[in-house]
Amino acid sequence: MLKKSAANLTGLALALFFLFPTYWMITTALKPKGSTITSDYDLIPFSVTFTNFVTAWTKPGFLSSLGNSLLVTLTAVVAAIVIGITAAVAMSRFAFRGRKSFVLLMLVAQMAPFEALLIPMFLMMRDLQLYEHLSSLILVYFAVTLPFCAWTLRGFVNGIPIELEEAAMVDGCGRWKAFQKVTLPLLGPGLVATSVFAFITAWNEFLFAKVLIRSQDLETLPVWLSGFQTAFGTDWGGAMAASVLFTVPALVFFLIVQRKMVAGVTAGAVKG
Amino acid sequence: MTAVKTTEAAAPAGDIPPALPPAVTGGARKRRRRGSAFDRALPYLLLAPALIAILWLIGWPVVSVFVTSFRQLNLGELVRGEVVWTGLDNYTTVLQDERFWEVSLRTVVFTVSVVGASVGIGLGIALLMRVLSPVVRIALQIAMLCAWAMPILASTTVYQWMFDQNYGILNKTLVQLGFDSFTGYSWFSSGSSTLSVVGLLIIWQAIPFLAFSLYAGLVGIPRDLYEAAGIDGASPWQTFRAVTWPEIKSLLMMVTFLSTLWDFKVFAQIWVFREGGPSGESTTLPVLQYLEGIAKSHFGVAAAISVLMMVILGLITFQYLRKLLQTEEGKI
Numbered sequence: 001m002l003k004k005s006a007a008n009l010t011g012l013a014l015a016l017f018f019l020f021p022t023y024w025m026i027t028t029a030l031k032p033k034g035s036t037i038t039s040d041y042d043l044i045p046f047s048v049t050f051t052n053f054v055t056a057w058t059k060p061g062f063l064s065s066l067g068n069s070l071l072v073t074l075t076a077v078v079a080a081i082v083i084g085i086t087a088a089v090a091m092s093r094f095a096f097r098g099r100k101s102f103v104l105l106m107l108v109a110q111m112a113p114f115e116a117l118l119i120p121m122f123l124m125m126r127d128l129q130l131y132e133h134l135s136s137l138i139l140v141y142f143a144v145t146l147p148f149c150a151w152t153l154r155g156f157v158n159g160i161p162i163e164l165e166e167a168a169m170v171d172g173c174g175r176w177k178a179f180q181k182v183t184l185p186l187l188g189p190g191l192v193a194t195s196v197f198a199f200i201t202a203w204n205e206f207l208f209a210k211v212l213i214r215s216q217d218l219e220t221l222p223v224w225l226s227g228f229q230t231a232f233g234t235d236w237g238g239a240m241a242a243s244v245l246f247t248v249p250a251l252v253f254f255l256i257v258q259r260k261m262v263a264g265v266t267a268g269a270v271k272g
Numbered sequence: 001m002t003a004v005k006t007t008e009a010a011a012p013a014g015d016i017p018p019a020l021p022p023a024v025t026g027g028a029r030k031r032r033r034r035g036s037a038f039d040r041a042l043p044y045l046l047l048a049p050a051l052i053a054i055l056w057l058i059g060w061p062v063v064s065v066f067v068t069s070f071r072q073l074n075l076g077e078l079v080r081g082e083v084v085w086t087g088l089d090n091y092t093t094v095l096q097d098e099r100f101w102e103v104s105l106r107t108v109v110f111t112v113s114v115v116g117a118s119v120g121i122g123l124g125i126a127l128l129m130r131v132l133s134p135v136v137r138i139a140l141q142i143a144m145l146c147a148w149a150m151p152i153l154a155s156t157t158v159y160q161w162m163f164d165q166n167y168g169i170l171n172k173t174l175v176q177l178g179f180d181s182f183t184g185y186s187w188f189s190s191g192s193s194t195l196s197v198v199g200l201l202i203i204w205q206a207i208p209f210l211a212f213s214l215y216a217g218l219v220g221i222p223r224d225l226y227e228a229a230g231i232d233g234a235s236p237w238q239t240f241r242a243v244t245w246p247e248i249k250s251l252l253m254m255v256t257f258l259s260t261l262w263d264f265k266v267f268a269q270i271w272v273f274r275e276g277g278p279s280g281e282s283t284t285l286p287v288l289q290y291l292e293g294i295a296k297s298h299f300g301v302a303a304a305i306s307v308l309m310m311v312i313l314g315l316i317t318f319q320y321l322r323k324l325l326q327t328e329e330g331k332i
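The listed protein sequences correspond, in order, to chains A and B. Number 248 in our numbering belongs to position 248 of the first sequence; there are no gaps in the numbering. Number 10 in our numbering belongs to position 10 of the second sequence; there are no gaps in the numbering.
Every clue listed holds true.
Below, a sample of chain B positions facing chain A; criterion: calculated Cβ distance under 10 Å:
id, residue
1, C146
2, Y167
3, L313
Since the hints were derived computationally from the structure, they do not count as laboratory data. What you are looking at is a predicted structure, and each value in this text was computed from that prediction instead of being measured. The beta carbon of each residue, even a glycine, is placed where N, CA and C say it ideally should be.
Given the sequences, and given the hints that come with them, work out the whole structure.
As structure tokens, then:
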């Protein structure tokens, strides 16, 4: 009994440890200007205001970097998903020479250390005249997420019995129709999970966004936020409000697929 | 909010009935023999876009980083489009630089401590979650989810605020507790202190994934094994050694490899706090690569650093993939 409550207390303490930064981000964002930078001990806010959010929203660069982030991330993810599905179907539904090597290639590519490819990527984008263009970031994020999407979707396609498609084909569907009517709808949850993963990877990316884009109009949100001191000075309330706005899309997506989060990354490992 | 269900969710990619790979089913083989030319070409056509993209955007850069590392390529050569081969000069420059070894050692120490702490605590929390009452467990899971979901740059900004010299909540709390020396204490005045804060931030964000995966593995262990151990009168430690450990060992290995790969490559957090400073004391290999390559435009030297990084990462990845393919055996 005593052991049990000691465990529960430890659990609660850990919960506080993990929750505190989120709590502190939100409460700081809600504090009125002037009461963030004080030497008072202010763990619990007494008055609440949303002016910090207005400040952050209207800061120069916030909206454009939000737009850039959304554009870059969504384009890359959609492309990676579409091309990933075709590759996944090929790998899981067809028998052909070289299949095994393709699957291995996809697995290895998924582990490619992109950070170590910074220099050649930079030189390549420069040669392609894409330096300082958002399309360079789209290409990089597409490349980062594609092997992962293809590999994960292959797992999901494998999970759908091929007999269902075959049954549809016996009933007179063509191969494409059978895929479209049977497999694609069943693939829905897998598609959502995979695209959210890919989205979060690209949404978070900092190094390439910093290196490939120099001009402020083309900055993505992570890079803009990293220079928040130029935008906010010591206005921590504003900086925290911007962080909240940056977190919300990721958090929403996380909640959608949280059950699948673990499974995706250690796919295959869990069986032990 | 039942992250408890993670084992079930593992199904889509994990538990595939052995009958599935159509490569070995008779139907598929028959179809291939009878199929038209288009049918035979179809899988290749479907794979072509992905294959081209991977070769172009991953394969070529990998080749290019090796090639570049043998060239003298500074801003001048780049602008003029000159190709100057220097053999192993870039490597000797890098390897003879005392700073490189200092940075490498720091990177290794940093990675090992961060991975060790996060995997260790992650396993501890996973074990703890089994004995928590449901309400506390769900509270802990929600809290961890919040930490996990926060974008890296958002959490880095929040940590900067919490560790702020004058108005940060940490210093204020320490002063309240009676440690007056923390009034205006700067957490970023030395490299080791800066890296400790970065390490804490990374551990804090890495634990949720580790705890959830390991917990999913723990939940999958059959109950009767524990019952049997209980009947035999095993102590908790003996139960852990004899029942839990063998079941979770390979999963633990996998997440340790993954964490090592991720933590070795950390750039954003280190850069945003102090740009690798003060006076380069918190510079790790990815930061050094950035400083040499992008900030100083010494692309050849930076490529040599990249190659050395890739060798280390490649060795870890190879081990990881070997383990993964062992568990995935027959499914490819």
